[in-house]
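K.L.:
Chains as they are written, first to last, in the working numbering: chain G, 2 to 410; chain L, 1056 to 1668.
Everything labelled a hint here was simulated from the structure, so no lab data went into it. One or more of the hints may lead you astray.
[What the hints assert, rightly or not] Derived coverage of chain L by chain G (criterion: at least 3 residues anywhere in the stretch with Cβ under 8 angstroms from a Cβ of chain G; other residues may be distant):
1. 1060 to 1069
2. 1175 to 1182
3. 1314 to 1327
4. 1486 to 1496
5. 1567 to 1575
6. 1585 to 1594
7. 1618 to 1628
Glycine included, every Cβ here is placed at the ideal spot set by N, Cα and C.
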Amino acid sequence: MLTRRATVRAGIAALALALAPTAFAPHAAAQDGAPIKIGEINSYTRMAAFTEPYKKGWELALEEINAAGGINGRPLEVLSRDDTGDPATAIRIADELVNRDKVVMIFGTFLSNIGLAVSDFANQSQTLFLASEPLTDALIWSKGNRYTYRLRPGTTMQAAMLAEQAAKTDAVKWVTIAPNYAYGTDAVEAFKRELTKLKPEVEFVEEQWPTLFKIDAGSAVRALEQAKPDGIYNVTFGGDLAKFVREGSLRGLFDDRVVVSLLSGEPEYLEPLGGEAPEGWIVTGYPGFDVDTPEHKAFADAYEAKWGEEPKTGSIVGYNSMMTIKALLETARSMQTDALLETMEGLRVDSPTGPFLYRPVDNQATMGAYVGKTGLVDGKPRMVDWHYAAGEAYLPSEADALKLRPDSQ
Amino acid sequence: MGFYFAQLLTGLANASSLFLIASGLSIIFGVTRVVNFAHGSLYMLGAYMAYTLVTTLPGVFGFWTGVLLAAAGTAVVGAAIEILILRRIYNSPELFQLVATFGVVLIVQDAALHIWGSEDLLGPRAPMLDRAVRIFGEPIPEYDLALIVIGPLVLGLIWLLFHRTRWGVLVRAATQDREMVGALGVNQRLLFTSTFMVGSFLAGLGGALQVPRESVNLLMDLNIIGEAFVVVVIGGMGSVTGAFVAAVIISVANAFGVLVFPQISMVLPFLVMAIVLVVRPYGLFGTPASAHGATVPEAPLRAMPPAGIALCAAAVVAAALLPLVDDGFLLVLAIDLLVAMLFAASLHFLMGVGGMVSFGHAAYFGLGAYAAALAVRVLDLPMLAAMAFGPLAAALGAMVFGWFCVRLSGVYLAMLTLAAAQILWGVTFQWQSVTGGDDGILGVWPARWASDRAVYFYLALVVCGAGLLLIRRIAHSPFGYVLRGGRDSALRAEAIGIDLTAHQWLGFILAGTLAGVAGAVFVFSKGSVFPDTLAIGQSIDGLIMVLLGGVQSLLGPVFGAAAFVLIEDWVTRLDYWRAIFGAIILLIVLVAPDGIAGALGRLAGLLRLRRPA
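Isolated chain L, as found in the complex:
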């Protein structure tokens, strides 16, 4: 009895920490629609600042002052991010802010490394709360009890703020319908900045309150962000109460989960999220409106003009000549480029053409890679036959997960795809006898006839090139038109008798299959495959490629993938490359809010204008 009660209290204490960061994330999303990937960085900054402050300021008063000052400091950083970056891109395509906040993540990582050093920092325990008390004979840390009180207390304060102040009323109104609030003459800029500050404050507070529980380190940001998103989604985007309930569910489930099945902590939150989303598509306290704002119908895709086709053909020919100038590495990079292009294009087909944003597209890339690798290692198949297994497995995976995913929309759909990817990742990670777990599958090199780098490059060029052409072809086919129609207005598409869900499901499977092709090409170019290919990082890379390149053009992902791979390859040679990479991403985001393809399009437009009529 006492044991289970104690375990419950431990879960509740964890829930409070999780709630603080998730509530801030939820509030920011509710008002500004920004999927703030940098929220984990704000949490980490809060923890670092609190460490510095509480080790400087003495005593109980010093500790709590330090915590609050750290949260306030984080709020100031949040304001700077909002004013300097996000404010300029609110009108960019959906999710463009995600890329910008990812740039911020990279910069903050290097800034924290520079300021606080690489070593883990263990702060002091909270004064007066540094012992354990016995409840039903079980030792419970006093600080855990304090956290259990702080969570609901903050929830209450947020409730008061939202229901008893004019600012709160405006924020709630903006969560419901921000255009209307703008039309009523409310200063949106101030509202957005202040909301972002409140959210950042909560993230900073969450980080600061962790100082007495764990060491402050450079991995805190990415370690927390996934779980924070899960909590926000389970609760319903924009709902603070929902975030609280979800944080309690996740943390308590985890506390008891480790007793029954200790390995489960790896995927448990995502499993819970998947179940909740399947049963309640908009989270526990969310509404369909909270998925995200209506998309603006895009201009129809136009067939490529002859000049464009000539340019593309020239690019392919130039690529085909690459082996002549290979310096031992150029082809390696070129194969990576081709793989990235097909991966990004398949994701773009899903989100740009199909209107279904995926945060877990790496799942199908990874499935393709693993299936091809296993076909070699287990079935002993030759390379080409093994490669065919990649897209097959990816198609199967996309069929299963897609069936659930296409029933949702917007951010909820994105999060369910993420859950699917995380569950698959967990499986590859745990199923050591088959997948090799973290040790991966090694020795999957090209067949003898393709072992020459140039031969494999041509193979990749043909396979990936064919994939890109196929995507283009389908986007311009009636099927592509149906998908785009459904994306721009699901209601009208269904009104004229189109079974949109079935079409979207097919589109989902197709995108997954092509990602699987990319994965199969990838695995033979690297000779090995590890769970990292299905991890969140790979999915995020794909998103960045697509968004950098521009969502509204079929060529966008090709440019985006090229830019991403080339910049990353070059920049990782430098010290503080993360900060530089982040700055480059931000620069592209700010200068070309419609992506590289959009910028090129505008450039072409300008040139045409100058031409004498």
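With the rest of the complex left out, here is chain G:
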């Protein structure tokens, strides 16, 4: 009996010894020169077309930061993981990054539901999460929390940019087409709301809700056509967009009509259309090399030198995420979450697309988007007549935003 108990005790002692190094790990990491570890999660296999340029973007920034001596003398290290497109997996990975790898914060995610899942986890585990790409409004408003910040302009912001342009046209009778999930429904709702605000006489006469990436484009186009609209608001993207454009132009759906299309100016979605890209659609997106501010030129040239291709929207999102992290870590008084949160409030970031800041009231960055028209330049689809729409102009007032946030913080 005694011997057995002794064995158990010895075992537990051995385990405790084995555990000891992990227990002291945070202290060791705090030493000068040890790398600062950041966790990163994205849908690399599920959404390769969009997350590849994004990864190239933050890798470029990371390289530049470390080449310039890191963060206050400490190199930055990113532990990057694939969430496989599944929210439950994303949470498991976040858990491992935070609790085993002891990263100081997490960034990334593309799909809205994964963004929300990780944001909820961040709230629970009291870890800072910088959501790079997910567009859902819920992330910063209805389901916002103090640990989650978002970089990109969300659905409502981008829809408002388009509604502003749409209100300048003569179109009164509108139809909408959007993929049948949260992003699509939010985007349609926001556009309706914003456009009606600017131009009360508009009416929406037909809506189509194809299943994401399974659009039956011929039928949908016909249903839209039947409503004989003046304007079409499109939220489809990726493979759905290509199919919609092809079937729509075959059937003359876009002839003599105003078409407003969310995100369609992004190279990820526009470039695959090649010579068939529609001309004259009002879009939000990213004009790549055409942005010729010195900051952007430096970024684009460095990007091309490293990867041999023009930057895409994902590239700029990845790069600006890392610029945010750089600004944050350089200013924060320590790597503790409390210090990081304090610094995030109103944090100002200089980026290739211009300076922006993180609004303390709803944790949304004021990074904007480019609004313009689609066109063909030398047979290649490009954005033309574009301008940069700064994010702050399209956010609700601070008082209104506060009302949108849950009071339990």
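On the provided structure of chain G, position chain L as indicated by the hints.
P.N.:
Relative to the frame of chain G, chain L by itself:
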């Protein structure tokens, strides 16, 4: 008038594409009994190859040559899959091939990413068919008209092939009774390989013909496969004519459905399938024989020897000590493992003990998770009370769907369970005001007393452990014997006066309830729940766990779940993890055709043999 006619034509054009892929799937199933999950991958490969060919070869001649060459290339890939993988496992338990083909899906995804890159590729329109013509004043794409012709044309050619050639006669004979065809001295290997090639050719053709209509991308495989299965099942497994009729029904219904209720496209095919299966249990053109071959009676389950019980007890004790060695993540993984084990074991109870294969077991897992989450968010219940809602809701769901499902058998039963899961998935997806839709339900974390990871781990260990024990207990009870008797010979079971349907229904409810328990434990470990928990992917994961572990042992699903979760967790850290994961699955399938439990059993047998008598 013109409008509705045009909409009909659009539906018919879609039907042709759907028919091509579904007919290949149906032919392959009819002869080889393989539920070929990789059929969507073949379709995608056909599209990618066609893209490369038609952008290289010029003109009209180049286009059609490219399409045919792409289909032929897909046939060659199909032959390779059949010869290298499937041929070795035809004698494995039913549906084992499904797991193998899933491994192929993963490998093809990474191969396509590597070869063609991640960007969507938009091919050229078909030369000479790149405009729209006006019919009753409505613009109709010429290429749609071509597709409307191609569909029936291919149907005719398949008919000729099957009715006017010796090969076709043999294939039809094999569809009816493959043992007899084998007994007559027909070279089965050649027959199976050539059938697989024909099926692959059709899948490749279907993909290639899509190039002028949509961009070629990496999501094509999984996007098409569900619908293709639906078409095959509605038509009756193995019936090409059935596939054609079903493709027309689905596509036309969809074309008009979007006019009336645009949101419906998400579940419409599955709704149609459920209705057809309830009314005509074997599909429109199927026969009871087409459900699947007779099952081989399994050896009776034996009580675990004392050594086994000791080993299991030791494993539980070891698990209970895990919090001592936790490095911040070990327990997270362990909870995931426990959930997966109970989920897989409940599925195994349904398919291994009850003989009812389910392709939609995630429905009850998801119901359990959602019910528990809603109990917290809406009813404001404390954690344990909310958890109890999980199995309750799952039981209710299983009661409703099970009543319909147990009236079918084999693949048809499996497909009806899939339809049930898809319909539920559609409901959670659409019912935004209650379920949050795609945004899910957030903030469902454990109660304060269980918020420590170790406490929640022990809770999961107790709940899931109890569930596993219960399954074991029931499998060895008279009720379990009835289920197994019914599985091995429904006729004899009924002959001795057993109401098999009632017992199977009960078994179905039980399995659903336990899956609901797993779901309830799951939701509090993740803090949130999304429609993905009810999606096809989750059901497939469960099937893989069960089949990897081995169907013929109660411990199988436990091993299978452990292997699956651990391999997935490790491998997703690597580049090209899908290809590696797929290769590992294939390796296990080829090395241990009776699953991990079977392999361990054989190993134990070997050791015992060597022991001096």
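K.L.:
None of the hints should be skipped; say for each whether it holds.
P.N.:
Hint check:
Remark: the segment 1060 to 1069 of chain L is confirmed as covered by chain G, as 6 of its residues place a Cβ nearer than 8 angstroms to a Cβ of that chain, reaching the required three. For the segment 1175 to 1182 of chain L, the stated coverage by chain G is satisfied: 4 residues place a CB nearer than 8 angstroms to a CB of that chain, which reaches the threshold of 3. Closer than 8 angstroms: that is the beta-carbon criterion, and the segment 1314 to 1327 of chain L has 5 residues meeting it against chain G, so the requirement of 3 holds. Counting residues of the segment 1486 to 1496 of chain L whose C-beta sits closer than 8 angstroms to any C-beta of chain G gives 5, which meets the bar of three, so the coverage hint holds.
For a cut-off of 8 angstroms, the count of residues in the segment 1567 to 1575 of chain L with a CB near a CB of chain G stands at 0, and the three-residue condition is violated. With a cut-off of 8 angstroms between beta carbons, the segment 1585 to 1594 of chain L has 4 residues touching chain G; three or more are needed, and the interface restraint holds. Judged by the Cβ-Cβ criterion of 8 angstroms, the segment 1618 to 1628 of chain L is covered by chain G as claimed, because 3 of its residues qualify and three suffice.
Hint 5 from the list above is the single one not met by this structure.
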